[in-house]
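When you get a sec, could you build the whole thing from the sequences and use the hints?
FYI, the numbering for the sequence shown is 1 to 62, going by UniProt numbering.
FYI, nobody ran anything at the bench for these hints, they're computed from the structure.
Please note that the accuracy of each hint is not assured.
[What the hints assert, rightly or not] Pair by pair, the computed Cβ-Cβ distance ranges are:
1) Asn-46 <-> Lys-20: 30 to 40 Å
2) Pro-28 <-> His-52: 16 to 26 Å
3) Ser-15 <-> Phe-59: 15 to 25 Å
4) Thr-38 <-> Leu-14: 26 to 36 Å
5) His-36 <-> Phe-59: 17 to 27 Å
6) Gly-7 <-> Pro-37: 14 to 24 Å
7) Phe-59 <-> Ser-22: 16 to 26 Å
8) Gly-7 <-> Ser-45: 13 to 23 Å
Glycine included, each C-beta is placed from N, C-alpha and C at the ideal position.
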Amino acid sequence: DPKFNIGDRVLKRLSTSRTKLSSIYSDPMVVIDAEHPTYWVKNDSNDVYQVHVSQLRSFSAS
Numbered sequence: 001d002p003k004f005n006i007g008d009r010v011l012k013r014l015s016t017s018r019t020k021l022s023s024i025y026s027d028p029m030v031v032i033d034a035e036h037p038t039y040w041v042k043n044d045s046n047d048v049y050q051v052h053v054s055q056l057r058s059f060s061a062s
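If you want it as structure tokens, here you go:
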């Protein structure tokens with residue numbers, strides 16, 4: 001399992017039903033708390049989500 005640190009930018013897997021062309025992952029979010037394998041992430045709207053590590057991917061802006 002990957003490990004993330006507080007302040008890391010990550011993508012959260014979307015659990016909603018989707019079409020073939022829709023996104024699989026959310027916009028970038030920031031890790032605000034970590035108790036591996038559970039992480040709390042915050043989006044730009046300050047919504048906080050509790051997420052299992054298997055639902056996260058690292059994000060790096062190119």
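request  = Hints the structure violates: just list their numbers, smallest first.
outcome  = Number 4 only.
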